[in-house]
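> Chain residues, written in single-letter form:
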Amino acid sequence: MLAIEARDVTKTFRAGWIRRRQTEALRGVSLAVPRGAIVGILGPNGAGKTTLLSIFASLLIPDRGTVTILGHDVVRDATALRRRLNMASGRPSFLWSLRVGEIVAFYGRLYGLHGATLKRRVDELIETFELTAYRRAQYNELSTGLKQRLALAKALVNEPELLFLDEPTLGLDPDVSVRVRAHVASLRRERGMTIVLTTHYMREAEELCDEIAFIKGGRILAHGTADDLKRQIGLGDVIALRVEPRAAWLQTAPGVVRCAESDGWIECTVDDAEKRLPEMLRQLLAEGRTVKSVQVKEPELEEVFVELAR
Amino acid sequence: MVAVWAFAIRNLLMATRNVFFFFELLFWPIVGVVSIGLMTRFLELRSEATAFVLLGTIALSVVQVCQLEVAYAVLFDVWSKSVKHQFLAPIGVRHLTLGSWIVGMARGVVIFLILAVLGWWAFGVNVLAPGVGAVLAFLAGCFLTAWIVGVGVCALITLFGNRAEAFAWASANLVLLLAGIYYPISVLPAPVAAVAACIPLTHFLDAYRAHYGFASEFSHPVAIGFGLAAVYALVAHLALVAAVRHARGSGLLLKMSE
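In order, the protein sequence lines correspond to chains A and B.
Its first residue numbered 1, the first sequence is counted upward by one per residue in the numbering used here.
Its first residue numbered 1001, the second sequence is counted upward by one per residue in the numbering used here.
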């Protein structure tokens, strides 16, 4: 079952008096998000991440293409769909004079909650996001971290089946980021919520996401699990060895893409470490060399990002 | 209905936390009535003419206060850059305009009563003399006019963003010029008078002033006023719906957000 099925979505922004300045934000994006998954949308600034997320959230109408969210057409059935989704962003903004409890209650009412149900829901969210001490604080008195937590509380007020998070840990202290990530993971684990998030933090994407779509210039360049992406990009694994005496042949060994030496280590990037390491060790030992240390390193997602963003 | 109350409560909370709330609610309307009232004394106007002018001033104050509150439906979110959150929710534009209108009407009633007392005490004009039915019809006309102007302002802001904010403050003055606030519309040049006759408030003022002995310029002014108001209210509502849809297409909705 798919939560999101987008086909050939395009979006061009036009500006200026006669709308001559055009920016192609999305150029034929297709993406499928399974129900209950956490999917990350990664890409450099201006890649189209927020545009795509906004189309999914029915805040933006695509120029072409179809988007089906939870079985609803995102343009035709937008009102019915909006009951079932919500969104929080990394730079939240709410009415400056309203208090924390009032903000959550206001959005709760927009989703039809009232009376005891509304009160219970507001209390629950304020407690979950550790906002009890700030319940009567006005929005403009809150720190960035508290605003972020409030944005998440607001985004859960309607118990959405699908949650969009636009850079949810942007500008947060590391300890707060860890807590926000833990909340996001628990939403999927405990409620089976489908979550689509954009982020600039590779660690966040690798830690949280089942699948990652890499978008650049309005096109999805790669899509899959973090491991899939690493394989697709062909960065390979890195085998680092300390060998005595030095084995020059390692640079030209089968499966080796490149080699570099430093501080007594020789680091060979290979197509598949599982296959190449035993071969290397066998030959080194057969030649009577001493293998002092061996390390196998998988490429970081950050390297995939750098490679794709190039 | 819950969503309508959400906006009403929100506007009320914002109003009570704004130190300029009482200033905005009382200062300009009172200054308007006092200065115009004193001018009528200086010009030695008959009591009927004084009533004519003061009724117009009071009507303008009620319309201004109420239309501004309706415009707040969008302005609050534009100022706080939180526009997208309300349009992400499963609500229609009617919820946000109606909710704000309820608070606008409450403020309008308060200012009407204060100005009525002031007009009676300072200038001997009994604004409530025509009776409950006439007062209610007059206020309904003022509030409908305010709703139309306010929703129109919301549509312009949604269409053009912050650049259109000036309309929120200036739009009621157009009503002042055309709807016969300080003079009967018969003094206007014929083409302008024709435009004035298309404004609902012109008819409601005409009907109310008839209770003070001024010959009505229209036949069935209240019915025509409500008829015009119903048409414009529908047009204003559809304009806002179209503006929101356009903003979803152009991306302005996002630009006005975080």
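Everything labelled a hint here was simulated from the structure, so no lab data went into it.
You may find that some hints are simply not true.
[Said to hold, decoys possible] The calculated label-pair distances, taken between Cβ atoms and stated as ranges, are:
1. His114(A) to Trp1079(B): 22 to 28 Å
2. Gly1227(B) to His200(A): 55 to 61 Å
3. His114(A) to Gly1227(B): 57 to 63 Å
Every residue gets a Cβ at the ideal spot worked out from N, C-alpha and C, and that includes glycine.
> What hints, given by number in increasing order, does this structure fail?
3
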